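Trainee: My request is simple: use the sequences and hints to build the entire structure.
Order-wise, the sequence lines are chains A and B. In this text, residue positions in the first sequence follow my numbering: the first is 1, and each later residue adds one. In this text, residue positions in the second sequence follow my numbering: the first is 1, and each later residue adds one.
Note that these hints are calculated values from the structure, not bench results. Please read these numbers as outputs of a predicted model, since none were measured by experiment. We put the CB at the ideal spot given by N, CA and C, even for glycine. There's no promise every hint is true.
List time: in silico DSS-like cross-link candidates among lysine-lysine, alpha-carbon distance up to 30 Å [as the list claims (entries may be wrong)]:
(1) 68/B / 40/A
(2) 22/A / 41/A
(3) 44/A / 49/B
(4) 22/A / 49/B
(5) 49/B / 40/A
(6) 9/A / 22/A
(7) 61/B / 9/A
Have a look at the derived ranges for each label pair, beta carbon to beta carbon [unchecked claim]:
(8) 20/A / 18/B: 43 to 49 Å
(9) 79/B / 41/A: 23 to 29 Å
(10) 7/A / 70/B: 42 to 48 Å
(11) 45/B / 13/A: 26 to 32 Å
(12) 18/B / 73/A: 41 to 47 Å
(13) 18/B / 61/A: 40 to 46 Å
(14) 58/B / 9/A: 31 to 37 Å
(15) 7/A / 58/B: 32 to 38 Å
(16) 44/A / 17/B: 30 to 36 Å
(17) 54/A / 11/B: 37 to 43 Å
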Amino acid sequence: DTAVSQTPKYLVTQMGNDKSIKCEQNLGHDTMYWYKQDSKKFLKIMFSYNNKELIINETVPNRFSPKSPDKAHLNLHINSLELGDSAVYFCASSHSARGAPGNEQFFGPGTRLTVL
Amino acid sequence: AQSVTQPDIHITVSEGASLELRCNYSYGATPYLFWYVQSPGQGLQLLLKYFSGDTLVQGIKGFEAEFKRSQSSFNLRKPSVHWSDAAEYFCAVGAGYGQNFVFGPGTRLSVLP
Numbered sequence: 001d002t003a004v005s006q007t008p009k010y011l012v013t014q015m016g017n018d019k020s021i022k023c024e025q026n027l028g029h030d031t032m033y034w035y036k037q038d039s040k041k042f043l044k045i046m047f048s049y050n051n052k053e054l055i056i057n058e059t060v061p062n063r064f065s066p067k068s069p070d071k072a073h074l075n076l077h078i079n080s081l082e083l084g085d086s087a088v089y090f091c092a093s094s095h096s097a098r099g100a101p102g103n104e105q106f107f108g109p110g111t112r113l114t115v116l
Numbered sequence: 001a002q003s004v005t006q007p008d009i010h011i012t013v014s015e016g017a018s019l020e021l022r023c024n025y026s027y028g029a030t031p032y033l034f035w036y037v038q039s040p041g042q043g044l045q046l047l048l049k050y051f052s053g054d055t056l057v058q059g060i061k062g063f064e065a066e067f068k069r070s071q072s073s074f075n076l077r078k079p080s081v082h083w084s085d086a087a088e089y090f091c092a093v094g095a096g097y098g099q100n101f102v103f104g105p106g107t108r109l110s111v112l113p
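Mentor: This is the structure:
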């Protein structure tokens, strides 16, 4: 069984469109994350949710909006797509009890977004 | 805030040779350190982690890493590289609850036959 899954794997779309990427984890983790990996392989955190509550919101355009219907899902919705949004987006999850060490994150396979 | 540097952007080794990938971190408290590997077109897989205790940690696929507080380093090593080890390697530092991982820029490993 896939621990962290993302759909779709590939997404090709035109500038200005709105699109969503879905993420699900079956590990029973309470924290989920979205990362963006640019063309130089640099990984940067975008958002983090703990038990459906937003705990990290890095400086990303407000065209990006995460939505967590439950603690097993964290979807990423992107409005008015731009060329610079082309990247690979990774979802991840972990246990992160308050006061505990930072536990390892488990990553999904990534979604390659191409904006034309 | 924590930060991570990986001084080598790209390393090429011959199959069977030993390998060391460097990682230096900056963090005011005890860091939680990780090495991940990303094969082409794949997600990230955890190789090993350090939280506390023995400063030499063993991971999967024959990798090990040594935490050296005095040098703020967490270098990854493997005694004999296999062609299948060719991938991108990321060092990361975590700071606990509510704190995200900070990843280094990655080191791309190429393996010559």
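Trainee: Run through the hints listed earlier and report the numbers of any the structure violates, in increasing order.
Mentor: Per hint list: zero violations.
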